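Based on these hints, arrange chains B and C on the given structure of chain A.
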Amino acid sequence: MQTPVEPAIDVKVDSFELVEGTSLWKDAWRRLLKNKLAVASAIVLSIVLVAVIIGPLISPYTYDQTNPDAVYMPPSAAHWFGTDQLGRDILVRTLVGGRISLLVGAVASIVSLVIGVSYGAISGYIGGKTDEVMMRIVDILYSLPDIFLIIVLLAFFSKDLIILFAMLGAISWLTMARIVRGQVLSLKNREFVEAARSIGVSTPQIIFRHLVPNALGPVIVYTTLTIPSVMLTEAFLSFLGLGVQPPLSSWGTLVQEGVGAISVYPWHLIFPGTMMAGTLFCLNFLGDGLRDALDPQSRAD
Amino acid sequence: MLQFILRRLLLAIPVLFAVLTVSFFLVRLAPGSPFAEERAYPAAVIAKLNEKYGLNKPLPEQYLNYMNRVILHADLGPSTRYPDRNVSDVIVQGLPNSMILGATAYLIALVLGMGAGIIAALRQNSGVDYGAMAAAVLGVSIPNFVLGPLLVIGLSLSLYWLPPARWGDFSHLILPAFTLSALYTAYIARLTRSGLVEVLRSDYIRTARAKGLRESVVLFRHALRGSILPVVSYSGPALAFLLGGTIVVEKLFLIPGLGNFFIEAANARDCFIVVGVTLVVAVMLLVFNLIVDIIYALIDPRIAYK
Amino acid sequence: MTNPLLSVRNLQTSFYTRDGEVKAVDNISFDLEPGETLGIVGESGSGKSVTSLSIMGLIPTPPGKIKGGQVLFGGQDLLQITDEQMRKIRGKRVAMIFQDPMTSLNPFLRISRQITEISELHLNLTSKQSRTRAIEMLELVGIPDAPNRIDSYPHQFSGGMRQRVMIAMALSCDPQLLIADEPTTALDVTIQAQILELIKDLKARLGTSVILITHDLGVVAGMTDRLGVMYAGRMIEYGPTDTVFAHPAHPYTQGLLRSVPDPYEEVEELYQIPGLPPDLSALPPGCPFGPRCPEVVAKCQTQPEFVSVGTDHKSACWLNAVSTVQERKEIERD
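Sequences listed follow chains A, B and C, in order.
Take the first sequence: its position 284, counted from the start at 1, is 284 in the working numbering, and no numbers get skipped.
Take the second sequence: its position 209, counted from the start at 1, is 209 in the working numbering, and no numbers get skipped.
Take the third sequence: its position 164, counted from the start at 1, is 164 in the working numbering, and no numbers get skipped.
For the record, the hints were derived by calculation from the structure and aren't laboratory data.
These numbers come from a predicted model, not from an experiment.
Just so it is clear, CB atoms sit at the ideal spot from N, CA and C, and this is done for glycine as well.
A portion of the hints provided could be inaccurate.
[Said to hold, decoys possible] With the C-beta cut set under 10 Å, the calculated list includes, among others, these residues of chain B facing chain C: (1) Lys52; (2) Arg69; (3) Asp169; (4) Leu200; (5) Asp203; (6) Ile205; (7) Arg206; (8) Thr207; (9) Ala210; (10) Glu215; (11) Arg221; (12) His222; (13) Leu229; (14) Lys251; (15) Ile299; (16) Pro301.
[To be verified] The following residues of chain B were derived to be distant from chain A, with all beta-carbon distances above 10 Å: (17) Leu6; (18) Gly77; (19) Arg81; (20) Asp89; (21) Leu138; (22) Ile174; (23) Val217; (24) Phe241; (25) Ile263; (26) Ala297.
[To be verified] Pairs of lysine to aspartate or glutamate, DMTMM-like flavour, derived with a Cα cap of 20 Å: (27) A:Lys36 to B:Asp129; (28) A:Lys34 to C:Asp19; (29) C:Lys200 to C:Asp242; (30) C:Lys65 to C:Glu84; (31) C:Lys203 to C:Glu33; (32) A:Lys159 to B:Glu264; (33) A:Lys26 to C:Asp279; (34) B:Lys57 to B:Asp89; (35) A:Lys36 to C:Asp19.
Chain A on its own, in the form it takes in the complex (with noise of 0.2 Å):
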């Protein structure tokens, strides 16, 4: 989940330091190093991140691997966070589910990010009646309601995960690409950019490689926003029964089925429900702590 920041140091290495002192990214990236919530945050997304990645291949159970004899065991040596109504290990399901709920939350990201900043961008720059047509649609795409159409989507067709994958991609780029030409906008007319058009760089080139650049803080931001919202939407699908299906696992299915047992095996709840609950926390805060260190003038102090 620090992908995001590293562009930050490369940047820095090649920029110029005269009188000004700290660069832009430089001083984002300290002032991040400050806040130690931001700081904790993604110490504990990498964990959860190395966790769910590694942690199903050298656990003795496998995801699906039911066990007629132990079902409903509390947590002990054997089963670290119990089993379920199936004795399937909940610690493997959960660390799965963690794979399944954080790729959910990549692959939208990612799809926001590529659609959402391309779509932003060139509506910004190229202006006039192209970007008045470009943003109704945004418009009238916000004003769809998006959730009952992917319930329909996903109830009529097929759960399929790669519907529900696009599904929460298409969604999530609307705000990114208004995000991204509102940056654009404000930076189009900026000398550099005079500078780049003057001796005959191109318009792409000068979109992505001079605009898109300048507008990465609010950017990063906002993606490290969405994954959490994101994973929000996919729980929800599977609250309804929409979202992946058994005998997968995503966080979603987990807590779903946890509720129903949550007075009586509570465990089922607890282990995954907080696993969820921390890394949304976290991403929240890794967010915050990033707007925070790119934007000094929204910092609270």
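Just chains B and C now, kept in the frame of chain A:
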């Protein structure tokens, strides 16, 4: 102003048309039939049922018939799941419940969220501020279908304060409304706080203080207006998500609302209810967004109606 | 000398940032006689605005803090009174106008509300009386068609008009002291002259004392009786405006004066003080101007005293100290 509203309503027509068309074809192009899923009817019965609902005709004809009925006769069609009712009946029954639930939740979110946001902004970087904002992040990190059961266990199954489910009097409204509002309370608190913090740093607040105005006047007369603008513009999308949230909360608390009907109909492939509810929701979204824009323009005199 | 209206004594205001303490105003003193105009000049970041905000009690705390000194206004130390007492002085006896009229007026409130609230508060006028008063004030500052325009919103006014509104607002309770913090910086050049003329005219008519803060020496020349020059949070020269212009004692003031274009003289290139304003969080020991000073000597490693160099004329530079004057003469002879 009137012109602005008319223009927006005019723009809404193609949007609604598109919603209707897209959802109709989605539902009708999908494999399977409303009658094939659960009960294994004989083929002859299914054919009869299809004929009764006009589902045996070619798709374009079905579409034209449907649009004709909706637009010219304001009739959203029959329900295949609830054979004795048509879609309008279901909506008339469900919509008020969902509206009450949604409106209460939104009101709670507005009052609690803005209250917490204002206090956090005024006591910036204090324990209260950090506490409120950590709670707000927690609020956006817990799915409402987890929060709901937790509240039920705490407040009704352990303390017996409130009924755990069903619908009827005011006491039935409290738990679902709080469950639904948590996420928006958290968002609104964060928006209010950051908005107010920014406004309190602005030049015009310094001017207000330089006039010797009391802090309460500075806050309520000068600062609050500007700082609730982000909350106002968030209200459009918030109400949209709120509508989605009602699906879950109505299912959790067994509330006979629109969301519950919708999800049951979707699972039973009741195409007319699904399309009808989607249309109603789209209308509501358009109206909400229009109201939000009007309120925004009323607060901010710099916005001209365009 | 009569009793000064305002007497600032050893004022020290700091900001506590992540980089440590920033002494934005470091031990400055000056007096303002009734009816007089004091100019405070300096580059941005030199502490001029912080000085005025300290007088008004408007330093944002935290991160700012007034660490010491006195602000004696009519004999009363404004740093010692309660917030409630200070509120009764702000806007009524001391008023302030700010640099950017575009952002200093509340965009969400009508002009009428923003002017009347101040006279309702401090003069206990009824809403009707304060409205009449507000229209009078708008007419006084030269807003045409004031009775109709009073209910406009700020965005319906031009920059110059907004600054006139700010002035009308500031003067509506007949304050004894008006602090104008860069009142013309954000305005067009032609408007600048009008606003300055307006302030000058109103000052003469209402007998208000004025502190005019600016980075533009051209502005203070025709407007002020006295002049204080600030650098890196310190007052480095202070004296009657004419004297300071004729005999600048500090190399920084000299540099500033040389960098003002003279319309009667044709020069190839305008003088520019070398280097950049210092970083207040990492000031070198000794004279803060040392690193940029063309006449720096070894002694500048220690901080110079703020000493008298003539009648009412003070400066903080070793060149003015008797011993250094000797050395300098010797150097000049060589």
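Status of each hint after checking the structure:
1. Lys52: Lys52 of chain B check fails; min Cβ-Cβ to chain C is 60 Å, beyond 10 Å.
2. Arg69: For Arg69 of chain B, the interface hint is violated, since the closest Cβ of chain C sits about 48 Å away, which is over 10 Å.
3. Asp169: violated (41 Å)
4. Leu200: Check passed: Cβ of Leu200 of chain B comes within 9 Å of chain C, closer than 10 Å.
5. Asp203: holds (4 Å)
6. Ile205: Since the shortest Cβ distance to chain C is 8 Å, the answer is holds.
7. Arg206: With a minimum Cβ separation of about 6 Å from chain C (threshold 10 Å), the hint on Arg206 of chain B holds.
8. Thr207: holds (5 Å)
9. Ala210: holds (5 Å)
10. Glu215: holds (9 Å)
11. Arg221: holds (7 Å)
12. His222: holds (5 Å)
13. Leu229: holds (9 Å)
14. Lys251: violated (42 Å)
15. Ile299: Holds, because the Cβ-Cβ distance from Ile299 of chain B to chain C comes to roughly 7 Å (cut-off 10 Å).
16. Pro301: For Pro301 of chain B, the interface hint holds, since the closest Cβ of chain C sits about 4 Å away, which is under 10 Å.
17. Leu6: At roughly 17 Å from the nearest Cβ of chain A, Leu6 of chain B sits farther out than 10 Å, so the non-interface label holds.
18. Gly77: holds (16 Å)
19. Arg81: Holds, since 13 Å exceeds 10 Å.
20. Asp89: holds (20 Å)
21. Leu138: Per Cβ check, Leu138 of chain B is inside 10 Å of chain A; nearest 6 Å; violated.
22. Ile174: Consistent with the label, Ile174 of chain B stays out of reach of chain A, its closest Cβ about 20 Å off (over 10 Å).
23. Val217: Holds, because the least Cβ-Cβ distance between Val217 of chain B and chain A comes to about 24 Å, which exceeds 10 Å.
24. Phe241: violated (7 Å)
25. Ile263: Incorrect as stated: the minimum Cβ-Cβ distance to chain A is 6 Å, not above 10 Å.
26. Ala297: It holds; Ala297 of chain B is separated from chain A by about 16 Å at its closest Cβ, greater than 10 Å.
27. A:Lys36 to B:Asp129: holds (16 Å)
28. A:Lys34 to C:Asp19: holds (12 Å)
29. C:Lys200 to C:Asp242: holds (17 Å)
30. C:Lys65 to C:Glu84: Given that 20 Å is the threshold and the Cα spacing comes to 19 Å, the pair holds.
31. C:Lys203 to C:Glu33: With a Cα-Cα distance of about 13 Å, the restraint between Lys203 of chain C and Glu33 of chain C holds, given a limit of 20 Å.
32. A:Lys159 to B:Glu264: holds (16 Å)
33. A:Lys26 to C:Asp279: At roughly 19 Å apart (the allowed maximum being 20 Å), Asp279 of chain C and Lys26 of chain A satisfy the hint.
34. B:Lys57 to B:Asp89: violated (25 Å)
35. A:Lys36 to C:Asp19: holds (17 Å)
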